[in-house]
Structures are given as structure tokens and as C-alpha cells.
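There are 2 protein chains.
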Amino acid sequence: MSAALDFWFDFASTYSYPAAVRMAALAAHADVRVRFRPFLLGPIFKAQGWTTSPFNLYPEKGRYMWRDLERLCADLDVPFQRPDPFPQNSLLAARVALAGLDQSWGEAFCVAAFRAQFGDGRRIDDAAVIGDLIARLRIDPQPVLAAAGSDAIKQRLRAQTDEAQRLGLFGAPSFVTADGELFWGNDRLEAALRWATRSRAGSSQ
Amino acid sequence: MSAALDFWFDFASTYSYPAAVRMAALAAHADVRVRFRPFLLGPIFKAQGWTTSPFNLYPEKGRYMWRDLERLCADLDVPFQRPDPFPQNSLLAARVALAGLDQSWGEAFCVAAFRAQFGDGRRIDDAAVIGDLIARLRIDPQPVLAAAGSDAIKQRLRAQTDEAQRLGLFGAPSFVTADGELFWGNDRLEAALRWATRSRAGSSQ
Numbered sequence: 001m002s003a004a005l006d007f008w009f010d011f012a013s014t015y016s017y018p019a020a021v022r023m024a025a026l027a028a029h030a031d032v033r034v035r036f037r038p039f040l041l042g043p044i045f046k047a048q049g050w051t052t053s054p055f056n057l058y059p060e061k062g063r064y065m066w067r068d069l070e071r072l073c074a075d076l077d078v079p080f081q082r083p084d085p086f087p088q089n090s091l092l093a094a095r096v097a098l099a100g101l102d103q104s105w106g107e108a109f110c111v112a113a114f115r116a117q118f119g120d121g122r123r124i125d126d127a128a129v130i131g132d133l134i135a136r137l138r139i140d141p142q143p144v145l146a147a148a149g150s151d152a153i154k155q156r157l158r159a160q161t162d163e164a165q166r167l168g169l170f171g172a173p174s175f176v177t178a179d180g181e182l183f184w185g186n187d188r189l190e191a192a193l194r195w196a197t198r199s200r201a202g203s204s205q
Numbered sequence: 001m002s003a004a005l006d007f008w009f010d011f012a013s014t015y016s017y018p019a020a021v022r023m024a025a026l027a028a029h030a031d032v033r034v035r036f037r038p039f040l041l042g043p044i045f046k047a048q049g050w051t052t053s054p055f056n057l058y059p060e061k062g063r064y065m066w067r068d069l070e071r072l073c074a075d076l077d078v079p080f081q082r083p084d085p086f087p088q089n090s091l092l093a094a095r096v097a098l099a100g101l102d103q104s105w106g107e108a109f110c111v112a113a114f115r116a117q118f119g120d121g122r123r124i125d126d127a128a129v130i131g132d133l134i135a136r137l138r139i140d141p142q143p144v145l146a147a148a149g150s151d152a153i154k155q156r157l158r159a160q161t162d163e164a165q166r167l168g169l170f171g172a173p174s175f176v177t178a179d180g181e182l183f184w185g186n187d188r189l190e191a192a193l194r195w196a197t198r199s200r201a202g203s204s205q
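Chains as they are written, first to last, in the numbering used here: chain A, 1 to 205; chain B, 1 to 205.
Pulled out of the complex, with its shape left as it was, chain A reads as follows (with noise of 0.2 Å):
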């Protein structure tokens, strides 16, 4: 049996980009079952008191990150650039990635949306890029937008960023094991799958 792993993210996050993408190869080899779990952060921050990303309360932070996030793409040979604005809104595109998991085109969304958004700097809060996405997989978008607009979907998603609020979660990526134990960060994914992985041969034995 595979070792489960939720991967817990939110569209507008920066470092949830080089995550989606080293996703499927890093798990395959891994043989790590990985599921997407898209989730909106902004009611998180709220909590902390923040009323945008901490990447623009703390300037330095922010500068830094950006330039970090550039280097990471450069080594991953993945495209960059600066979304404008920052952080967009990332409801639409986690309600299409809601109805998408339900079928077998979620986890291709996934990793397009954040390509579209993070390496072709087009926007994810445009139902025509969207759309366009979507098409892209050879899915008719118009069910699918209709869905994503659906009242089931949305309080999917709010269950689902009830459940991260409740797992702890305070940022993105993040990665929770099936024994319950969470590492935070693109550069804890090869960390979280080594432990999925030790506890499952614990679990066997």
C-alpha cells in the first residue's frame, strides 16, 4: 500500500508554485499517494491580524522572497515571473481545482494554474484564463465554471479552509502526513514524503 501525503495549498501562495510542480515526480519516486488540498489562506491571515500577504507587510521579506523564488525556478529550468497584483485572488481557481479533483484532470489544473499565474504572469482571478486552462486539459470549461459557482463547491471549500484552520496551518505549502505530522515549506516536501514513507514500513511491521 502507498504512504498517503495531503499537500495543503493556496493558489496565490509563491513557494506553493516550485511545489506543485516537483509534485509528481518527487511522490512517484517516493511512491507516496499525494493529495491535493486547495484551501484559501486569507482567512488565516485574517486571523493573524494580516490584511495581505506577509510578503508585502514586511518589505525586506517580500524583496527577499521573490529573488529567492527567481533563483528556485532557475534551478528547477521552470519559468518565473512576478505576478501583478500580488497575491491574487485565488477563489476562483480553488473552486475549479475542487471540481477538477473530483475527476481526473485536478492535479493538471493544479500545477497549470500555478504555471499561468507564477511562470506566464497571467491572472487566475480571470474566468477566461481559467476557462483557457481548462480547455487547454480537452475539458469544456463551461460545466466546469458552472460547477466551481455551484453551492456545493463552495462550501466544499469552506470546509476545506475550516479543516486547514483546525489542522494548525499557517501558510503554504503545507504537508500533512496521514500520522498527523506537518512540515511547512517547498523545501520540507522531500522531508514530509521520507516521513510518510517511514510510516508506513512502521505501520506494516
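Since the hints were made in silico from the structure, they are not lab data. None of these values were measured; they are calculated from a predicted model. No residue lacks a Cβ here, since even glycine has one placed at the ideal position from N, Cα and C. Treat the hints with care, as some may be off.
Stated by the list, open to error - Which stretches of chain A does chain B cover? Using the computed rule of at least three CB atoms under 8 Å from a CB of chain B, they are: (1) 50–62; (2) 65–73.
To be verified - For each label pair, taking beta carbons as the anchor points, the in silico distance ranges come out as: (3) A:127 <-> B:25: 50 to 60 Å; (4) A:84 <-> B:49: 42 to 52 Å; (5) A:165 <-> B:66: 18 to 28 Å; (6) A:77 <-> B:137: 43 to 53 Å.
Guided by the hints, dock chain B onto chain A, whose structure is given.
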């Protein structure tokens, strides 16, 4: 000629502990000459409106950090104890380190002070503890503690902290290469060493 890297840290900084412990072997392996640069995070945090560590201000982030540090130390096979109180006053340790870095025992003292605090649960604001750490390096503590209280050393620590602020440092550990590239966090140490090595290769062409 060896490449150069500045290692900026505050003795109260949690993730500076694994960075300090790992430094010697990694720097030697990369053939990078590392300069230890203790400074005080307090004035920098204060400029951001923080009166204590952000790990105290944001309890969920703090809870995560302690667990993360515990895991990191277990992976490195170094002892870990959560210091009480946290953060500790790092002024005395920083002044003694500056005195020691003029001589041959400064780096060994820095590693010993981190281990004492985060490995053995000792208080680094206690002159008796700091004196003991100096004595274990086979150095007479009294003249060192006297030098650490001199105006010259006080002034140098202030200048060091001013320079950190001018460089835009916002946390520790931070690593700055000779060509001005900034890397933040224990998990960027390897990348900083790679960058330092790369710029050396470039400059010799």
C-alpha cells in the same frame, strides 16, 4: 583562492543552531571561507513592530518551529532542548563571540554557545555559563569577559547590527555572498555555498 560567505546569526535564533553545527564540514567540503558575523535581531524585529520573537507572536508558527527543529536535530543527531525562557538575551554571547573571532577560538565558541542553549538547555545570558564555555576551550574566561564588556566590543556589535540592517537582513541565519546575494534560513545554507562557489568560478575567468 577560496570563495567567501558571510554567516549572519543571532545566538537566540533557533534555526541558527543547526546552521552553526553544520557549517564547518559543509564549508570545508565546498572550499568556502566563512566569516561568522553575530548580530542582534532585536532592533530589526523592533523596526517591524515586533517586541519579541515572531515564534512567540504567532503561536501556531512557534509550535510548528519547535517540532520542526526537534526533527531537524534528530536527523543531524545533535541534542535538542527547548530553551526556557525563549528568546534568550543574546547580548553577552554575541560580545564574547566578537572577542573570540579576533582570535582562533571564536567559531568553536559560537558552536558551543548554540549547543549549550539548544542542546543542553543552559542559559546563555548567564556569565557563569558563558565563562564555563570559554574555559572548556582552554581559554581564561576573565580577560575575555572583561573585553566583552569594553566599549570597543560594544561598539563593534552595534556596527555589526547596523550593517545587518543596511543589508536588509530580516531574520537569521542569513548568508551573504561576496557578490551580495542573500540567502535566508538554515535550509538555504547549501544553496548559499553553491552560489559562493559559482561566483568564484565566474570571477577567475
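Structure-based check of each hint:
no. : hint                       : in the structure
1   : 50–62                      : holds (count 3)
2   : 65–73                      : holds (count 3)
3   : A:127 <-> B:25: 50 to 60 Å : holds, 53 Å
4   : A:84 <-> B:49: 42 to 52 Å  : violated, 27 Å
5   : A:165 <-> B:66: 18 to 28 Å : holds, 20 Å
6   : A:77 <-> B:137: 43 to 53 Å : holds, 46 Å
The structure fails to meet hint 4 from the earlier list, while all remaining hints are met.
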